[in-house]
Structure formats: structure tokens, C-alpha cells
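J.: Please take these sequences and the hints and turn them into a complete structure.
Going down the list, the sequences are from chains A and B.
No gaps in the numbering here: position 89 of the first sequence is 89 in the numbering used here, and each next residue is one more.
No gaps in the numbering here: position 237 of the second sequence is 237 in the numbering used here, and each next residue is one more.
Just so you know, the hints here were simulated from the structure itself, not pulled from any lab data.
Quick reminder that beta carbons are idealized off the backbone N, C-alpha and C, glycines included.
Careful, some of the hints might be misleading.
Covered stretches of chain A (in silico footprint by chain B; criterion: 3 or more residues with CB under 8 Å from a CB of chain B, positions within the stretch not fixed) [stated by the list, open to error]:
1) 3-9
2) 81-87
3) 115-127
4) 218-226
5) 295-302
Computed far set for chain A versus chain B, every beta-carbon distance over 12 Å [stated by the list, open to error]:
6) Arg93
7) Lys103
8) Asp104
9) Glu341
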Amino acid sequence: MGYDPENPMKDRITDIGPPHYEQFFPPVIKENYGKWLYHEIVQPGVLVHVSETGAECYTVRIGCARLISVDMVRDYCEIADKHCDGYLRFTTRNNVEFMVDSKDKVQPLLDDLAKNGQMPVGGTGAGVTNIVHTQGWVHCHTPATDASGVVKAVMDELFDYFTSMTLPAQVRVALACCLNMCGAVHCSDIAILGVHRKPPLIDHDVISSVCEIPLAIASCPLGAVKPAKGTTTTGEEVKSVTVTVERCMFCGNCYTMCPAMPLADPEGDGIAILVGGKISNARSAPKFSKLVIPFLPNTPPRWPETVAAVKNILEVYAKDANKYERVGEWAERIGWEKFFEKCNIPFTEKSIDDYRLAYDTWRTTTQFKYTSHIK
Amino acid sequence: MPKHDTPLLDQLESGPWPSFVSDLKRMAQKKDECWDILGQVELSYKDKITHWKHGGIVGVFGYGGGVIGRYSDVPTRFPGVAHFHTVRLNQPSSKFYSTAILRQICDMWERRGSGMTNFHGSTGDLVLLGTTTDQLEEIFWECTHDLGMDLGGSGGNLRTPSCCLGKARCEWSCYDTQAACHNITMTYQDELHRPAFPYKFKTKFSGCPNDCVAAIARSDFAVIGNWRDDIRIDQAAVKGYVNGDHAANGGAHSGRDWGKFDIQKEVIDLCPTGCMWMEGDALKIDNAECTRCMHCINVLPRALRPGKDQGASILIGAKAPILDGAQIATLVIPFCKMDPENEFEEYKDLLEKCWDWWMEHGKNRERIGESMQRIGLNNFLSIIEVEPIPQHVKEPRSNPYVFWKDEEVEGGFERDVKEFRKRHAM
Ligand code: SF4
Ligand code: SF4
Ligand code: SF4
Ligand code: SF4
Numbered sequence: 001m002g003y004d005p006e007n008p009m010k011d012r013i014t015d016i017g018p019p020h021y022e023q024f025f026p027p028v029i030k031e032n033y034g035k036w037l038y039h040e041i042v043q044p045g046v047l048v049h050v051s052e053t054g055a056e057c058y059t060v061r062i063g064c065a066r067l068i069s070v071d072m073v074r075d076y077c078e079i080a081d082k083h084c085d086g087y088l089r090f091t092t093r094n095n096v097e098f099m100v101d102s103k104d105k106v107q108p109l110l111d112d113l114a115k116n117g118q119m120p121v122g123g124t125g126a127g128v129t130n131i132v133h134t135q136g137w138v139h140c141h142t143p144a145t146d147a148s149g150v151v152k153a154v155m156d157e158l159f160d161y162f163t164s165m166t167l168p169a170q171v172r173v174a175l176a177c178c179l180n181m182c183g184a185v186h187c188s189d190i191a192i193l194g195v196h197r198k199p200p201l202i203d204h205d206v207i208s209s210v211c212e213i214p215l216a217i218a219s220c221p222l223g224a225v226k227p228a229k230g231t232t233t234t235g236e237e238v239k240s241v242t243v244t245v246e247r248c249m250f251c252g253n254c255y256t257m258c259p260a261m262p263l264a265d266p267e268g269d270g271i272a273i274l275v276g277g278k279i280s281n282a283r284s285a286p287k288f289s290k291l292v293i294p295f296l297p298n299t300p301p302r303w304p305e306t307v308a309a310v311k312n313i314l315e316v317y318a319k320d321a322n323k324y325e326r327v328g329e330w331a332e333r334i335g336w337e338k339f340f341e342k343c344n345i346p347f348t349e350k351s352i353d354d355y356r357l358a359y360d361t362w363r364t365t366t367q368f369k370y371t372s373h374i375k
Numbered sequence: 001m002p003k004h005d006t007p008l009l010d011q012l013e014s015g016p017w018p019s020f021v022s023d024l025k026r027m028a029q030k031k032d033e034c035w036d037i038l039g040q041v042e043l044s045y046k047d048k049i050t051h052w053k054h055g056g057i058v059g060v061f062g063y064g065g066g067v068i069g070r071y072s073d074v075p076t077r078f079p080g081v082a083h084f085h086t087v088r089l090n091q092p093s094s095k096f097y098s099t100a101i102l103r104q105i106c107d108m109w110e111r112r113g114s115g116m117t118n119f120h121g122s123t124g125d126l127v128l129l130g131t132t133t134d135q136l137e138e139i140f141w142e143c144t145h146d147l148g149m150d151l152g153g154s155g156g157n158l159r160t161p162s163c164c165l166g167k168a169r170c171e172w173s174c175y176d177t178q179a180a181c182h183n184i185t186m187t188y189q190d191e192l193h194r195p196a197f198p199y200k201f202k203t204k205f206s207g208c209p210n211d212c213v214a215a216i217a218r219s220d221f222a223v224i225g226n227w228r229d230d231i232r233i234d235q236a237a238v239k240g241y242v243n244g245d246h247a248a249n250g251g252a253h254s255g256r257d258w259g260k261f262d263i264q265k266e267v268i269d270l271c272p273t274g275c276m277w278m279e280g281d282a283l284k285i286d287n288a289e290c291t292r293c294m295h296c297i298n299v300l301p302r303a304l305r306p307g308k309d310q311g312a313s314i315l316i317g318a319k320a321p322i323l324d325g326a327q328i329a330t331l332v333i334p335f336c337k338m339d340p341e342n343e344f345e346e347y348k349d350l351l352e353k354c355w356d357w358w359m360e361h362g363k364n365r366e367r368i369g370e371s372m373q374r375i376g377l378n379n380f381l382s383i384i385e386v387e388p389i390p391q392h393v394k395e396p397r398s399n400p401y402v403f404w405k406d407e408e409v410e411g412g413f414e415r416d417v418k419e420f421r422k423r424h425a426m
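T.: See below:
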């Protein structure tokens with residue numbers, strides 16, 4: 001029984017795909033599949049969905065660190081066994097949801113969650129929900145910053161917005177630790193993005209053995225990587241590459257293709273803040289996040305500059321935006337010049353696009369607002 | 001006894017948000033390698049740089065993805081994480097679990113890996129963080145034989161599809177997102193497990209234009225629920241909202257005093273197409289003008305529902321910035337049925353047309369959205385045999401640089417310059 005290394009193909013099963021989802025539905029979900037009529041958030045973190053059969057499903061949502069141990073998962077299971085017939089689910093934004101089929105089961109569930117101390121209830125409605133994020137220094141080779149630590153620091157500071165619904169609309173915060181952007185960072189209300197600022201090093205000693213040089217050259221979207229001779233530490237001349245530094249936009253593609261071209265650097269790396277993206281089609285079309293702060297330093301363990309920047313933008317928005325207005329809709333209504341002024345963020349040339357299609361973002365009208373930027 | 005001092009990480013144990021550091025420390029009581037994770041991450045916090053090497057190629061026999069090789073660049077200091085590969089497990093559609101299967105996964109992972117996980121990875125997989133090469137076949141065996149689970153995707157392949165929870169617990173889902181996600185994942189197991197594409201390819205399923213799985217931003221092939229008849233209105237419930245009997249926007253704004261609900265200001269005036277009005281107590285919608293943005297339905301969930309003639313829109317080509325800049329997906333099929341009865345045939349036909357072309361003509365590491373950009377939307381539409389319509393563009397082009405084809409112009413391109421000169425002297 002079990003895997004036999006002597007005989008790896010014996011009884012091998014492949015391509016079975018994921019288990020069928022239906023076997024994991026709590027009874028109230030199974031019985032009312034496709035029959036839901038409406039929902040309401042009865043208090044922060046608690047939703048009720050009402051079915052045409054009259055059945056109700058109460059959902060309690062809790063925040064989760066995403067990077068969790070099997071013991072943490074077992075803690076979730078214990079709650080689900082005690083209160084939810086042994087079922088639970090995870091959301092796209094790394095929250096955990098516990099479902100019960102009547103109102104009187106909600107308070108005992110909330111009480112047990114509160115006792116645990118690592119299971120904060122919230123993340124619904126016009127508030128800040130969990131930060132979608134990536135691996136960072138815990139598990140990836142290309143990051144320009146950490147993920148879990150920055151998220152923990154930011155969520156500690158925004159915690160009251162997780163457990164309440166006082167904002168003009170939902171605010172989706174996301175973090176990606178490099179430009180690969182695992183996660184919808186490019187369309188988030190507030191995006192925290194790890195960026196490099198030093199061009200790749202070139203390790204002539206190993207490049208010809210660990211890289212396909214033509215692929216490394218082709219990897220650069222700006223043609224900054226060129227074939228060249230390099231000299232190894234032992235003085236040997238080898239086929240290698242050179243980087244036209246003025247052309248480099250620090251995207252890291254070359255490193256993805258070639259381990260001999262690392263970009264990461266303690267001083268060079270840090271965080272950029274982008275705002276105003278959205279996914280939903282409600283009212284206005286989905287939009288990209290826009291770069292408003294080009295660089296903040298990496299300051300572990302709590303990244304105070306990043307935390308302060310995110311909180312500042314969130315709170316200025318909270319005060320100034322209309323009901324239902326997402327961050328990007330608000331910035332467009334007041335105008336980006338006002339956004340910078342109200343948030344007291346210095347505008348720099350780094351926010352002016354100079355990549356492809358840049359012209360689309362340049363202003364081609366006489367309509368503008370007088371802000372302190374006009375001297 | 002802590003194996004390494006972690007004065008920086010320790011500062012992430014305070015505060016109200018769940019602490020991954022405390023969790024790791026708890027796991028380290030049982031799993032020594034968790035100390036080495038803490039130790040190595042602490043070193044990264046000190047050095048402000050990652051200590052993971054560029055990945056290596058590891059995997060299970062017969063699959064080209066699902067396992068990401070990971071090695072420490074300081075293995076002698078942290079031997080527990082010297083080899084620390086990631087295993088991606090294909091999650092069940094919309095991430096419902098029984099505690100029975102979760103406990104089985106946990107037990108397996110405590111025996112065969114570090115005990116640390118991501119619930120879930122950004123694409124949707126259940127991610128198991130940290131194991132050694134010799135465990136991979138054993139893990140695969142246990143997953144397929146005992147857990148009934150399989151690996152997810154990585155590399156130039158179909159990445160693990162994902163979906164919103166749809167009809168399981170949402171009143172707005174215009175098709176069965178979970179059935180679609182599961183069916184399509186099962187149909188394309190080969191494309192998922194054996195990379196043969198120029199680059200990654202993601203498909204995601206949202207049940208309505210609120211797009212809770214971010215399909216429009218994150219998937220090469222986004223399926224977003226939509227409808228084509230009239231929004232269903234319950235006028236009694238409209239009155240209920242106007243009278244303040246029901247909380248607007250499903251109670252999402254109840255934490256602040258925004259004043260009395262005002263249907264004119266909060267619904268009618270915010271409708272992007274201006275197609276709503278009140279006639280006495282009744283809310284009217286000119287459905288021919290509605291672009292189905294969901295705003296009014298979101299605000300009045302008891303009174304308004306998507307129409308009954310439901311299906312989905314298909315949008316192609318979204319991606320994050322690498323390589324050529326970020327793209328939001330482009331509308332290609334405004335409306336099609338997503339019918340489990342015919343095995344989602346319309347979806348699959350279009351998907352396979354896209355793949356056939358992209359596998360042949362896509363460049364190495366070119367997402368399909370970039371291939372589309374390179375050849376132009378008009379050419380792309382003709383390749384996948386979709387009739388161009390105004391819905392494909394925000395506005396017509398403003399430059400006159402049309403690439404007319406030889407056969408489109410009377411008499412063709414072939415002309416005789418001598419003939420020309422006879423009539424037009426130099
Ligand atoms: S965003 Fe970049 S650094 Fe972060 S996990 Fe993804 S690929 Fe790695
Ligand atoms: S970081 Fe990007 S722009 Fe710079 S050399 Fe590498 S691939 Fe080219
Ligand atoms: S995308 Fe639409 S149908 Fe799916 S969960 Fe979100 S609101 Fe509901
Ligand atoms: S769905 Fe949007 S466009 Fe249609 S009526 Fe409602 S608010 Fe207006």
C-alpha cells in the first residue's frame with residue numbers, strides 16, 4: 001500500500017482534478033442552491049441570505065493571515081464542527097466564512113470566535129476587507145519587499161475599518177511584492193507594490209551555465225539587455241550580456257529568465273503606492289490603479305511609512321468622498337490635482353507616464369483646477 | 001526553546017490582526033523547520049532582501065507543473081528550509097470545504113511538509129509551503145489516492161481556474177459559476193498539468209458584473225455573468241426602501257449616519273446611463289438603455305434582480321504588467337449561454353479557437369492579451385471568427401491608418417507604373 005518508489009507507475013492515479021464542490025456544501029447551501037432572493041449585512045462581518053423557500057443562511061466572516069499553519073486550519077475546523085455541521089469556506093480575499101442556518105446560532109459562534117483572539121469578525125460592506133497579497137520574503141525569489149509583514153502592519157492600523165462599515169464604499173487594498181503582481185493589485189482601490197530601483201547585476205561567473213543568453217536578451221521589454229563579452233573572476237572571457245542602464249525600468253523580467261541577473265537590493269528596493277483601481281462594473285467601468293507615491297523605503301518589521309501613507313489616503317477619502325463613490329471615482333470627480341493636494345502627497349514627475357500609450361494619460365483640455373501646484 | 005532569536009519578527013506578534021509570526025512559532029513547537037522559516041525571514045528583515053534562490057525544476061512524474069522548486073541561499077544556517085518546495089493543490093470550486101477533508105490535508109501536510117500553508121494562492125490553489133524533493137511523489141500519491149485531490153497548474157499552461165461562489169449563496173449569479181469552473185477544469189486536465197502554451201493562461205468565472213473573482217483584471221479568459229432581458233422589479237420592496245423599512249445597499253453603509261435613504265440621489269442619479277425614473281411610487285427602468293452595471297441592484301437587493309434570460313459575457317486578454325504593461329480584458333462575446341446541459345459548448349468552442357491560434361502564433365512568454373495587441377483586435381476577431389460590432393470598442397479609431405487589404409480594394413494593389421506615367425508625366 002502507498003507509494004512504492006521501486007514501482008512508481010503501479011496503481012498511479014493522475015488527472016482526477018479537484019474534488020466535486022457539492023460534497024462540501026453545508027445543508028442550507030445545498031438545499032437553497034440557486035434559490036437565494038436577497039441578502040443583508042446585519043452587523044459588520046455577519047450576513048444573512050434569504051432564500052425563496054424562506055430558509056436563511058447566516059454567514060460570519062473572519063480575517064485570516066493567509067499564511068497559516070495546519071494548526072490554525074484545525075482551529076477553524078473546530079469552530080466549524082461545533083457550530084456549522086463541519087463545513088466552512090474561504091473567500092477570494094483570504095477571509096474564512098462560517099455559515100449557520102438560523103439566527104440563534106450566530107451569537108454562540110461569535111462568542112467562540114472572540115475567545116480565540118486570532119479570528120477577527122468583519123470585512124463586509126463599506127469597510128476595508130482583507131488585503132489580497134503574495135509571498136514576499138517568506139517564500140519567493142523575486143520580491144522587492146515582504147508581503148505578510150507589511151499586510152500585518154497595515155491591517156493592525158486599519159483594523160477599525162475592518163470591523164466597521166463607515167466608509168463611502170468598500171475599499172479593496174492589495175499588495176504584491178514585485179511587478180509580477182500575483183493578485184489584482186493593478187485594479188485595487190489602494191495598491192501596495194514592491195519595486196526595485198537598481199538595474200540587474202550580471203554574474204559573469206555563472207551566466208553561461210545557468211541562463212540561455214538569447215532568452216535573457218529577449219526577456220527585456222525595452223531591449224536594454226544586449227549580448228556582450230564578460231570577464232569572470234578568474235579572468236576568463238565568456239559570452240555574457242550587458243544592460244543599458246538608462247533604458248532599464250527595473251521590471252525584473254531579465255531575472256525571471258536568468259538567475260545570473262539579480263535586481264534585489266536593500267536600499268534599491270521598496271514600495272510604491274497606487275490608488276483608484278476597481279474591478280466591479282458598478283456605475284463606472286473597471287479601472288487601473290494609478291501610481292501616486294513612487295517610492296517608500298523598506299522598513300521592517302512594521303513599515304511605518306507605508307502604513308501611514310495608506311492610512312492617510314484612506315482617511316482623506318473617507319472624509320471627502322460621496323456615498324457609494326470608490327476611491328478612483330472620487331479622485332476622478334475631484335480631479336487628480338485635487339487628490340494630490342487633499343492627500344498632501346507631493347506630485348513628482350514619476351507619476352507622469354512615459355511608457356507605451358503614455359499619451360492617453362496626458363491632459364489635452366483647458367479644463368483643470370487651480371491647486372497649490374500652480375505657482 | 002526558540003532555535004533562533006527573532007527580535008524583528010517578534011514585533012509582529014502584537015496588534016489585533018492575526019499574526020503569522022505567532023502562528024509559525026506555535027507550529028515550530030512540533031515542526032522544527034518552522035524555526036528555520038522564522039530564522040530565515042528574520043534574516044531577510046535584517047538584510048531587507050529575500051534569501052530564496054531562483055526556483056529549480058522539480059515535480060511529479062508525468063506532470064509539468066503544480067510544484068514550485070524553492071531553495072534557501074543560506075542553507076547551512078537554516079537547514080530545515082534548504083529545500084522548501086511549494087505544492088499547489090487544485091481547490092474545489094469556490095473554496096467550500098468539509099472539516100473532514102481539511103483535517104486530512106492538515107495531517108498529510110504535517111507528516112510530509114512544513115505544516116505551513118496559504119489558504120489560498122492568488123490564482124485560487126490551496127498552497128502547501130515547504131517540502132523536500134523526496135516527499136513529492138508520496139504527497140502526490142496520498143493526494144490522489146486518499147484525499148481525492150490533484151495538483152494545480154504552474155508554468156506555461158492552463159492555470160487552475162477559479163470562480164465566485166455564485167448560486168451557492170448569491171442571488172445575482174447569472175449562471176452556475178461552480179459547475180462551469182468544475183466542468184472546464186475537468187475537461188482540460190491535460191492542458192492544466194502539461195504545459196504546452198507560450199505562457200500562463202488563466203480563466204475565471206464571476207456570476208455577475210460585480211466580478212468578485214476579479215476575472216476582468218486577472219484572467220486571459222474572463223466569463224462574467226450577464227442578462228439580456230429586463231431587470232426584475234418588486235415595487236412593494238421599492239416602497240419599503242423609500243420608507244426606510246429595509247437597509248439600502250444590503251446594510252453595507254450602516255456604520256455611519258448618511259441621512260435618510262434618498263432613491264433619487266442614491267440610485268437614479270448614480271445610474272451611469274440615466275435610464276431610471278420614478279412614476280409616483282413606482283421605479284421605472286428603460287431597460288434598452290441599461291448597461292447592467294449592477295449599481296441599482298446592489299443598492300436595492302430586495303427590490304431589483306437581474307433579468308431571467310441569463311448567461312455571460314466573455315472578455316479576453318487581462319493580465320498584470322509583466323511583460324508589456326497591465327491590461328483589462330476586452331469584451332469579445334457580449335452575451336452567450338453558459339449551459340451545463342450542453343457542457344458549456346459555446347465557451348469551449350471559443351476557448352479552443354483562441355488556444356489553437358495562440359499556441360501556433362504566440363511568442364514565448366507572450367500572454368494572449370499581448371498577442372491580441374500585437375496583431376490588432378480586428379485581426380484577432382477574424383481569427384476566432386467573431387463578427388466585429390461596436391460593442392468591441394469604446395469608440396471608433398481616431399486615426400485614419402487603416403490596413404486595407406489587396407482584395408478589399410477594387411482592382412487590387414497590382415498597378416503598372418508605365419501606364420500611370422502615360423497619363424502623369426514626372
Ligand atoms: S508578486 Fe512577485 S515577488 Fe511576490 S510572490 Fe508574486 S512573483 Fe513573487
Ligand atoms: S529589469 Fe526589466 S527593463 Fe531592466 S534590464 Fe531587466 S528586463 Fe530590461
Ligand atoms: S460576482 Fe456577482 S454573482 Fe458572483 S458572488 Fe459576486 S455579486 Fe455574487
Ligand atoms: S443596472 Fe446600472 S445601468 Fe442598469 S438601470 Fe441599474 S444603475 Fe442603471
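J.: Confirm or reject each hint.
T.: Hint-by-hint comparison with the structure:
Look at the region 3-9 of chain A against chain B: 4 of its residues bring a Cβ nearer than 8 Å to a Cβ of that chain, three or more, so the hint holds. With 3 residues carrying a beta carbon less than 8 Å from a beta carbon of chain B, the region 81-87 of chain A meets the three-residue requirement, and the given coverage holds. For the region 115-127 of chain A, the stated coverage by chain B holds: 7 residues have a C-beta nearer than 8 Å to a C-beta of that chain, and at least 3 were required. Chain B is given as covering the region 218-226 of chain A, and this holds because 3 residues of the stretch bring a CB closer than 8 Å to a CB of that chain, at least three being needed.
For the region 295-302 of chain A, the assignment as covered by chain B holds, since 4 residues bring a beta-carbon within under 8 Å of that chain's beta-carbons and 3 suffice. Arg93 of chain A, annotated as away from the interface, has a beta carbon of chain B within 12 Å; the closest lies near 9 Å. Look at Lys103 of chain A: its CB is around 15 Å from the nearest CB on chain B, clear of 12 Å, so calling it non-interface holds up. For Asp104 of chain A, the requirement that its beta carbon stay farther than 12 Å from each beta carbon of chain B is met, with the minimum near 20 Å.
The beta carbon of Glu341 of chain A sits about 24 Å from the closest Cβ of chain B, which is more than 12 Å, so the claim that it is off the interface holds.
Figure legend: structure checked against the earlier numbered hints; the only hint not met is number 6.
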